[in-house]
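Visitor: Chains as they are written, first to last, in this note's numbering: chain A, 1 to 348; chain B, 1 to 498.
Because the hints were derived from the structure by calculation, they are not lab data. Yeah, the Cβ is synthetic: ideal placement off N, Cα and C, and Gly gets one too. Errors might be hidden in some of the hints.
Which stretches of chain B does chain A cover? Using the computed rule of at least three CB atoms under 8 Å from a CB of chain A, they are [stated by the list, open to error]: (1) 70-80; (2) 90-104; (3) 109-116.
Not close to chain B: a few residues of chain A, all C-beta gaps over 12 Å, as computed [stated by the list, open to error]: (4) G23; (5) V39; (6) V233; (7) G311.
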Amino acid sequence: MRPLAPALRPLPLDRLRGPNNEGVLVVSIVVLSLVVGAVDSSFWSVRTLLNIGSASLENVVFAMAVLIVIISGGIDVSFMAIGIFAGYGVIVLTGSTGFGASSAWVGFVLAAGIGVLLGSLNAAAIAGLRLPTLIVTLGTQGIIRGAMLAYVGSKVIPNYPQGLDRLSTDYLFTASSSAGDTRLNILIIPAVLICLLVSLLLRYTTLGRGIYAIGGDAESARRAGFRVAGTQVFIYLFAGLLAGVAGMMHVTQVRLANPYELVGGELDVIAAVVLGGTSIFGGKGSVSGTVLGVVLIALIKNSLILLGVPGTWQRATVGLLLLIGVSAQALSARVRRRHVDFLAQASA
Amino acid sequence: MVVAEPLLVASAVSKHYGGIAALEEVSLQVRPGEVHCLAGENGSGKSTLIKVISGVETPDSGSITMDGKSFARLTPRQAISLGIEVIFQDFSLFPNLTVAENIAMATYVAGGRRTVRPRTLRRIAAEVVSRIGVQLDLDARVEDLSVADRQLTAICRALARDARVIFMDEPTTALTWREVEALFAVVRSLKDSGVALVFVSHKLEEVLRVSDRITVLRNGVVAVTGDVSRFDRAAIVAAMTGRAFTETSPADSARAGAPPVLEVDQLSLRGYFEDVSFLVHQGEVLGVTGLLGSGRTEIAEALFGIIPADHGTVRVDGKPVRLRSVHDAIRAGIGYVPSDRLTQGVFLDQTISLNVIAGSIDRLVGRGNLLRRGKAQQMVERAAAELRIRMSSASATVRSLSGGNQQRVVLAKWLVRNPHILILNSPTVGVDVGSKHEILEMLRAKGRDGMGIIVISDDVPELVAVCHRVLVVRRGRITDELTGERLTEEAIVKELVA
Ligand SMILES: Nc1ncnc2c1ncn2[C@@H]1O[C@H](COP(=O)(O)OP(=O)(O)OP(=O)(O)O)[C@@H](O)[C@H]1O
Ligand SMILES: [Mg+2]
Chain A
1 MRPLAPALRP
11 LPLDRLRGPN
21 NEGVLVVSIV
31 VLSLVVGAVD
41 SSFWSVRTLL
51 NIGSASLENV
61 VFAMAVLIVI
71 ISGGIDVSFM
81 AIGIFAGYGV
91 IVLTGSTGFG
101 ASSAWVGFVL
111 AAGIGVLLGS
121 LNAAAIAGLR
131 LPTLIVTLGT
141 QGIIRGAMLA
151 YVGSKVIPNY
161 PQGLDRLSTD
171 YLFTASSSAG
181 DTRLNILIIP
191 AVLICLLVSL
201 LLRYTTLGRG
211 IYAIGGDAES
221 ARRAGFRVAG
231 TQVFIYLFAG
241 LLAGVAGMMH
251 VTQVRLANPY
261 ELVGGELDVI
271 AAVVLGGTSI
281 FGGKGSVSGT
291 VLGVVLIALI
301 KNSLILLGVP
311 GTWQRATVGL
321 LLLIGVSAQA
331 LSARVRRRHV
341 DFLAQASA
Chain B
1 MVVAEPLLVA
11 SAVSKHYGGI
21 AALEEVSLQV
31 RPGEVHCLAG
41 ENGSGKSTLI
51 KVISGVETPD
61 SGSITMDGKS
71 FARLTPRQAI
81 SLGIEVIFQD
91 FSLFPNLTVA
101 ENIAMATYVA
111 GGRRTVRPRT
121 LRRIAAEVVS
131 RIGVQLDLDA
141 RVEDLSVADR
151 QLTAICRALA
161 RDARVIFMDE
171 PTTALTWREV
181 EALFAVVRSL
191 KDSGVALVFV
201 SHKLEEVLRV
211 SDRITVLRNG
221 VVAVTGDVSR
231 FDRAAIVAAM
241 TGRAFTETSP
251 ADSARAGAPP
261 VLEVDQLSLR
271 GYFEDVSFLV
281 HQGEVLGVTG
291 LLGSGRTEIA
301 EALFGIIPAD
311 HGTVRVDGKP
321 VRLRSVHDAI
331 RAGIGYVPSD
341 RLTQGVFLDQ
351 TISLNVIAGS
361 IDRLVGRGNL
371 LRRGKAQQMV
381 ERAAAELRIR
391 MSSASATVRS
401 LSGGNQQRVV
411 LAKWLVRNPH
421 ILILNSPTVG
431 VDVGSKHEIL
441 EMLRAKGRDG
451 MGIIVISDDV
461 PELVAVCHRV
471 LVVRRGRITD
481 ELTGERLTEE
491 AIVKELVA
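Please model the complete structure; the sequences and the hints are all you need to start from.
Guide: Shown next as C-alpha cells:
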C-alpha cells in the first residue's frame, strides 16, 4: 500500500530554490542589478561586467578550494595565507634567481607546487593526527604568513619578471570610457576551466562523491570502504594547489606583489561559498552555486561603491550576508526534517 | 545432507572497550548457503562481533578466516572485497546523498572504479529495489526518508553487490509484515544460490522461521551453538539469559468506569489521516496498529505537536488543549517515545545521565535555576536500574551503548518525567525477549498508577499482552477496535493482512 502522501512534499519555494540555492541567487543578482541600475544608470555598462569579472576571477578559484573542504565537513581559513605565500614567493624567487623569468606559466606551476607543499601541512595534521580542521588551518594560517614575512620577504615588489609582466597586461577585453580603461585579464579563461574541472571532479568521479560521503557521515564512509584519510589528504593538497594558483592570479592581476595582501580577506570567499548553498555542516554544495555566490558578493561590493557607501561598511555587509546564508540553511534544515527540537523539550 | 566446509570462520575473537569485555574468545562458523541466527541479550556482543568481522572494529586478539586465508585484522575495504556485506544496526547511510547513490555507491568503491555515471548508478539501484519488490523513491535524499525507508535502503545497499556473506544486524526493526515477508523471500533465494546469511533479531518467531543454525551470545561469550531444530523458544531464551523465562501474561482488564485522560475528537491532517476519534481512560493501555504509511505514526506525531493536525479537538483530563508544537504537547502532559530513536530520541554523543534527565530539567532545577545534582543523579540511577540499562557508567556516551540499551535510554527519558499520557512508538523494538516483558510489565504498572498509555506497534504478541484495547488504522482512518474476546493475535493479523 502506498502512503496517503509522501512523507515530505517539496514546498513550492524548494523547487524555485534548486538543490543548492541557485534559484535564489539568480533572483538576488537580477533584483540587485535592477535596483542599482535604477539608481545609477552607469551601472548598465560593459565596465561593470568587466569589473565584476576581474574581482571574481581569483576569488572563484579560492572558492573552489574552500568549497571542496566544506563539502568534506571541514573548514579552511589558511587558503589566503597559502595564496599570498605562493604568489609573493614566486615573484621573489624569479626576481632573485631569474629562474623561469621569461615564462609566466613556469611561475604558475611553481605557485601550484608551493601551494601543494603548504597544503601538506594541513593534510598531515588533519588526516594524520585527526585534529579539528578550523584549529589546524587557523594555526597554519599564522605559521605560513609568519614564515613568509620572516624568511621570504616583507617588502612590496613593483617590478615583475618579463613573463609575468607580459601576462599581467594580456587582456581578453578592454572597455574604454571617459573614466579610463577597464579591462579583463586573460586569466579568466583558466579560472573558468578550473571551475569546470572541479565540477567534473565532484560530480563524476568516485573520489568526488567520496568527498560528499565523508561530509555526510565520515564513519559511514569508512564502513562503506572509502579511504577517509586518503581522501582528506587529497582534499587539502588540492585545496593548497588551488590556493597557490589563485594567489598567483592575484599578484599577476594587481601588478604589485604585496605580502600584506589577501590574508584577512577570507570572509568574502567563505561567505560566497556559504551563500552558494554549500552546507556548513558538510555534505552539500555545488560549483554552480558557489560561482553565483562569488558573483553576488562581487556585485554587492561593486554596487556599494557605485552607491557611495563608505568602504568600511563593505566588510560589515559581507559579514551580514554570511550570517543570512547560514541562518537560511539552519532554518530550512529544521523545516525539512520536521525535527523534534529536543532542546526545546529539555527546557519545556 | 553433507555438511559444507565453512565459508567464514571467526576464531577466538576478543574485544575490550576500556575495562569492559564486549567479546571474549568468541568463535563463529558460517557455512555457504545457510541462514545463521546470532542471538543474545542487549549488550551481549552481537554487533561488536559483526563489526570485528567486517573490519569496522579491530579485535584485541583472535583471527578471521575466509577462503582458507587467515587475517588477524581486516579493514572495511578488505572485508568488502572478500565479499562480506553488512546491514548495520544504525544503517550507516549517507543522509545527504540520494537513495540511488546510497545503494549503488558501494559497488563503485569496491569495484575500484574511478568515474561515476549517474545513470548507471541509478540503474544499479533500480535493479536492486525491484528485485526486493519494495517501493523507494530513488531520487529522495536519505535524510528526508522515514525510518522504514532508510532501513530498506540499507538492505538494498547490502544486496547491491554479489556478496558471499551478508550480516543483517536487526534488519527488520522498522519494517512491517509486508516488507519483512519480501525480505525473507530474498533471503531464501540468496540462500539457494549459496550465499551465507547471518541474521540478528530479537523477534524470535521471525528468526526461527528462516534460520538453519543458531549461535547464542551471553555477556560476550558463546553460550551455545547448533542446529535450530534442536531449540525451541524457551531453550533459546534460557541460553540467552541463563535463567528460566516467564512469558508475558495477558493484560488484566481495565478498571471499569475510570475517567478519560485523553479525548481525541475528529482529528484530521490532510493527506495523512481523517476523522480520528478515540478515548484513553486513566490506567488504560491503548494499542494502535496498522501498516507502514497507514497514518498511525502521523496521528501520534500530531498529538505530540510535531506535525500539528488541521482539524479536530483534543482534551486532556477534560480540558481542551492546543497542540501546535512539541512545547504545547509537553505542557499539556503528553510524552512521546519516537520510533526513530537514533535521530529523534537521543543526543548520541552526550552522556547517558544527561539524556535521561533531558526531558525533566525543569523539575530538577532549584533556587537560582541551578541543577540539583543529587536529585538528578538519583533520578538517573533509579531509571537505569528499573530499565536495566547495561552501561559502564552513567557518564558514558549513549553512542557507546548497544542498540537495545540506547532504546532503553529513550524510554527512561520519558518514564522519569511521568507524563499524564505517554505515547510509545514501537517501544520494545530492538529490546531482547528477556527484557521485553519487564518493560511491558513496567508500562502496565505505570498504567495502574493512572498514566494513560498509547502503544503503537506491529508486534502482535506484544499488543495482545499489554493492551486493553487495540485500534486498527488503515489509510488514515480507524477501521476497527478490538477489545475483550476479539483481542487475539489472529484477529490482529487478519486486520493487518486484509
Ligand atoms: N564504542 C564503544 N565504546 C564503549 N563500549 C562499547 C562500544 N561499543 C559497544 N560497547 C559495549 O560493548 C558491549 C556489547 O555491545 P554490542 O553493541 O555488541 O551489543 P549487542 O549484542 O549488539 O546488543 P543489542 O541487542 O542491544 O544491539 C556493550 O556492553 C556495549 O556497551
Ligand atoms: Mg547490536
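Visitor: Which hints, by number, does the structure contradict?
Guide: No hint contradicted; all consistent.
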